[in-house]
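Participant: What follows is each chain in one-letter form.
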Amino acid sequence: MQKLFLQKSICNRVKFFRKLLERLIEGLLMLSGGLTSLIVVLIVVFLFREGLGIFGSPSMETSSVLVVNKSNPIKSLTAAQIKNIFDQNITHWNEIGGKKDTIILFRIDDLTNYVSEEEVGANLENVPACLNKVVDSIPNILAFLPANKIPKNFKGVIVPSEKISPGTFLGGKEWFPTAEPAAQMGVLPLILGTLLVSFVAILIALPLGLSTAIYMGEIAPDGIRRIMKPVIELLAGIPSVVYGFFGLVVIVPLIKNAFGLDVGETALSGSIILAIMALPTIITISEDAMRNTPRAMKEASLALGATKWQTIYKVVIPYSASGITAAAILGIGRAVGETMAVLMVTGNASVMPHSILQPVRTIPATIAAELGEAPQGGLHYQALFALGCILFLITLIINLSVESISKRKKGERH
Amino acid sequence: MNIDHDKIFRSKRNKQNFAFWTFRILSFGIAGILFWILGFIVMHGIKVISWDFITKMPEDGMTKGGIMPAIVGTLTLVAGSIIFAFPLGIMAGIYMNEYAREGFLKRFIQVMTNNLAGIPSIVFGLFGMSLFVNKLHFGDSILAGSLTLGILVLPIVIRTTEEALKAVDDSFRIGSLALGASKWQTTSRVILPSAFPNIITGLILSIGRVSGETAPILFTCAAYFLPKLPHSIMDQVMALPYHLYVIATSGTNITESRPIAYGTALVLIAIVLIMNILANILRRYFGKKVKTN
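The listed protein sequences derive, respectively, from chains A and B.
Residue 1 is where the first sequence starts when you use my numbering, and the numbers rise one by one after that.
Residue 415 is where the second sequence starts when you use my numbering, and the numbers rise one by one after that.
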């Protein structure tokens, strides 16, 4: 009797532990299931924490300052104004709302033009005092000075450069992130460059991809389909840097000779390579969509006397329209985010794109090319992370719209 | 009523023939692109490939010598990312297909996984740099690079596992549960073994993907020129794709290092090709085996 009781209690205990183990494993699996969500959240946090830091910071590094005479009414300068002044495009104060005098530019190296070397001192110990004197004596001066050379009882006025706002960042037409004295952080040419290259790529890839999808899904005999499928998979498997290399040594010279250009690294070269890279995405997804056309619909069309071709373009294509749209959008997404191939073939000139036969620079290529040289935590570094945020948002919108398209399709069917 | 049926029929048939031939030619053209790229790189690269090329260090500003450290580096990164991504990804896949109930949570995780899969690789690079390299102070290291690449392939591993589990017939689950097995026993001893071949096939493809990625390792581990083999996971490494990028665009002497670039491209493509062919063979082999049972 006691033995039986003991057995029963052991049995219960085993059952209990087994149940505990089950729960434990389920919890562990659930945790790893949630891992992707956690990573997406982490990506958002890290990207935006670094990227949003750029807004509100001045477009000049804090180690140097711009200084004017105390009689000058100018209170602040935009990054574009500073660049134009130092490029000699703006030469008079009245062009930026000041007095009617020419701007006299002054850099620290010019000091000996105004004061003698004895005054500066053998060990440059009198530099701050001399600067004070020079700035005070020339009313039209605009001096670009290192911040640590500014004396305590300074008689000039420090002009703050305008803070970078989302407006100037997104709408600015110049991208010279390392320019002195003020960095030019306008990402419009990069955004337009990215969109131009991607859309031309899709214009090339969509007709080709659809034709192949129709051929593979509706026309080709089984044998050919069995060869085509791995071919498309391989096309998707080739690393992007190999596509870039191929573009560099084959497509770029081709474009150069075909259009008689000085350089072959153009938006068009990038679009062609991107089109090849987007093809597998477009082909697989639109073929899947076409394959989902109910057999009854196709057979009904054929039974009414329509040819196979009429059935394809009047039944199969309209039925799979949303799938084809999803394919095109995903293709754009692939093209927008592509880095290495574009970096190698588009020439990377950060100017507003005017034609597809010009070099352009895309957002991912900019990040890849410049992040290595940007000091961590600096303005340039933050700007590149902000570009990453823009890229992230674009692809997020693309993914969510594809998601909603395929969801709507499911809803229709039921 | 004098309709020429024959004429209508003929015009319809001509239209169809025209359309079909267009599609056929375009499709073969696209297959042709693949063979063009492969042929071009094989033709130029095969002249460079030799035992020395694969087993020697780069010399003379990367214009002579071999690419051994880049090959070793890529293999190290692949191994590192696999160790991280495969167990977690497979577990997540099991959860999604076997455990998670239909509802908001499952839907949410699915959307998040899809989003992760759609994020451009350069953004992974930015993330890896700010989290692993800077925040966690791993520095530019194999560890940081492997983790970044692991995150990149995680959605692929999850999706592959889910697809493979979905393909297992429900009668397996019901049968096992009816015999008194618990859920985990069913999953680990019945479902996983029968889904295993399909999971492996998908994983091999993701190895091909990892070995070709450049953007995520640009700022997390890749070294420009480092003629020695890594000693610990905190070392920088050279990697094949980054090496190809460097010698193709910014080497000290581009014309002289061009042959090395072709050779590197060929080795890189060979790895991807071998992985693809291996996956295809496995798929066919296991596909047959399941059918004959």
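Where hints are given, some of them may not hold.
To be verified - Distance ranges between label pairs, derived from CB positions:
id, chain 1, residue 1, chain 2, residue 2, range
1, A, ILE224, B, GLY453, 18 to 26 Å
2, B, ARG521, A, VAL263, 46 to 54 Å
3, A, PHE48, B, ASN667, 38 to 46 Å
4, B, PHE639, A, GLY378, 38 to 46 Å
Claimed, not checked - Below, computed lysine-lysine pairings styled on DSS-like, alpha-carbon distance capped at 30 Å:
id, chain 1, residue 1, chain 2, residue 2
5, A, LYS19, B, LYS580
6, A, LYS19, B, LYS597
7, A, LYS70, A, LYS152
8, A, LYS308, B, LYS426
9, B, LYS580, A, LYS229
10, B, LYS580, A, LYS407
11, B, LYS461, A, LYS256
12, B, LYS421, A, LYS314
13, A, LYS314, B, LYS429
14, B, LYS426, A, LYS298
15, B, LYS597, A, LYS8
16, B, LYS461, B, LYS642
17, A, LYS15, B, LYS597
18, B, LYS520, A, LYS407
19, B, LYS429, A, LYS298
20, A, LYS229, B, LYS421
21, A, LYS99, A, LYS173
22, B, LYS580, A, LYS298
23, A, LYS298, B, LYS421
24, A, LYS163, B, LYS549
25, A, LYS163, A, LYS99
26, B, LYS642, A, LYS19
27, A, LYS8, A, LYS229
28, A, LYS314, B, LYS470
29, B, LYS429, A, LYS308
30, A, LYS308, B, LYS421
Said to hold, decoys possible - Some but not every residue of chain B turned toward chain A, in silico, with C-beta under 10 Å:
id, residue
31, LYS426
32, ILE447
33, LEU452
34, MET510
35, TYR513
36, GLY517
37, MET526
38, ASN528
39, LEU640
40, PRO641
Please keep in mind that the hints were generated in silico from the structure rather than gathered at the bench.
All values reported here derive from a predicted model rather than from experimental measurement.
Idealized CB from N, CA, C, for every residue including glycine.
Participant: Now look at each hint and say whether the structure bears it out.
Facilitator: Hint by hint, here is what the structure shows:
At roughly 20 Å, the beta carbons of ILE224/A and GLY453/B sit within the given window of 18 to 26 Å. Distance hint for ARG521/B and VAL263/A: a CB-CB separation of about 49 Å, consistent with the stated range 46 to 54 Å. Range check, PHE48/A to ASN667/B: Cβ separation about 42 Å, and the 38 to 46 Å hint holds. Take PHE639/B and GLY378/A: their Cβ atoms lie about 26 Å apart, and the range 38 to 46 Å is violated.
Under the criterion of a C-alpha separation no larger than 30 Å, the hint pairing LYS19/A with LYS580/B is consistent with the structure, at around 26 Å. The straight-line distance between the Cα atoms of LYS19/A and LYS597/B is roughly 10 Å, inside the 30 Å bound, and the hint therefore holds. Between LYS70/A and LYS152/A the alpha-carbon distance is near 15 Å, which keeps this suggested pair within the 30 Å criterion. Under the criterion of a C-alpha separation no larger than 30 Å, the hint pairing LYS308/A with LYS426/B is consistent with the structure, at around 10 Å.
This hinted pair checks out: LYS580/B and LYS229/A have alpha carbons roughly 22 Å apart, not beyond 30 Å. Among the hinted pairs, LYS580/B with LYS407/A is consistent with the structure: their alpha-carbon atoms are about 20 Å apart, no more than 30 Å. As the CA atoms of LYS461/B and LYS256/A are separated by approximately 27 Å, the hinted pair is consistent with the 30 Å bound. A distance of roughly 22 Å separates the Cα atoms of LYS421/B and LYS314/A; the hinted pair therefore holds under the 30 Å criterion.
Of the supplied pair hints, the one linking LYS314/A and LYS429/B holds, its CA atoms being roughly 14 Å apart against a limit of 30 Å. A hinted pair counts as satisfied when its Cα atoms are at most 30 Å apart, and LYS426/B with LYS298/A qualifies at roughly 17 Å. Annotation: proposed proximity of LYS597/B to LYS8/A holds, straight-line Cα distance about 23 Å (limit 30 Å). With a CA separation close to 25 Å, the supplied pair LYS461/B and LYS642/B stays within the 30 Å bound.
Straight-line distance between C-alpha atoms of LYS15/A and LYS597/B comes to about 14 Å, which keeps the hinted pair within the 30 Å bound. Among the hinted pairs, LYS520/B with LYS407/A is consistent with the structure: their alpha-carbon atoms are about 15 Å apart, no more than 30 Å. Taken as a hint, the LYS429/B and LYS298/A pair is honoured in the structure, with Cα atoms around 19 Å apart against an allowance of 30 Å. With a C-alpha separation of about 38 Å, the suggested pairing of LYS229/A with LYS421/B is violated against the 30 Å cut-off.
For the suggested pair LYS99/A and LYS173/A, the alpha carbons sit about 28 Å apart, so the restraint of at most 30 Å is met. Between LYS580/B and LYS298/A, the direct Cα distance comes to roughly 28 Å. Compliance with the 30 Å bound is thereby established for this hinted pair. As the CA atoms of LYS298/A and LYS421/B are separated by approximately 25 Å, the hinted pair is consistent with the 30 Å bound. Of the supplied pair hints, the one linking LYS163/A and LYS549/B holds, its CA atoms being roughly 27 Å apart against a limit of 30 Å.
With a C-alpha separation of about 24 Å, the suggested pairing of LYS163/A with LYS99/A holds against the 30 Å cut-off. About 52 Å separates the Cα atoms of LYS642/B and LYS19/A, which puts this hinted pair outside 30 Å; it is violated. The hinted pair formed by LYS8/A and LYS229/A fails the criterion: a straight-line CA distance of about 60 Å is larger than 30 Å. Distance check on the hinted pair: LYS314/A and LYS470/B sit about 60 Å apart at the alpha-carbon level, beyond 30 Å; violated.
Of the pairs offered as hints, the one joining LYS429/B and LYS308/A holds, with about 11 Å between alpha carbons and a cut-off of 30 Å not exceeded. Proposed proximity of LYS308/A and LYS421/B is supported: the alpha carbons are some 18 Å apart, at most 30 Å. At about 5 Å, the closest approach between the beta carbon of LYS426/B and any beta carbon in chain A falls short of 10 Å, and the interface hint on this residue holds. With 10 Å as the threshold, the beta carbon of ILE447/B comes within range of chain A, its nearest partner Cβ sitting at about 6 Å, so the hint holds.
Proximity of LEU452/B to chain A holds as hinted, the smallest CB-CB distance being about 8 Å (cut-off 10 Å). For MET510/B, the interface hint holds, the least distance from its beta-carbon to any beta-carbon of chain A being 6 Å, beneath 10 Å. Proximity of TYR513/B to chain A holds as hinted, the smallest CB-CB distance being about 6 Å (cut-off 10 Å). About 13 Å separates the beta-carbon of GLY517/B from the nearest beta-carbon of chain A, more than 10 Å, and the hint is not met.
Hint on MET526/B holds. Least Cβ distance to chain A is approximately 4 Å, under the 10 Å limit. For ASN528/B, the shortest C-beta to C-beta distance to chain A is roughly 6 Å, which falls under 10 Å, so the interface hint holds. Interface restraint check for LEU640/B: the shortest CB-CB distance to chain A comes to about 15 Å, outside 10 Å, so the restraint is violated. For PRO641/B, the interface hint is violated, the least distance from its beta-carbon to any beta-carbon of chain A being 20 Å, above 10 Å.
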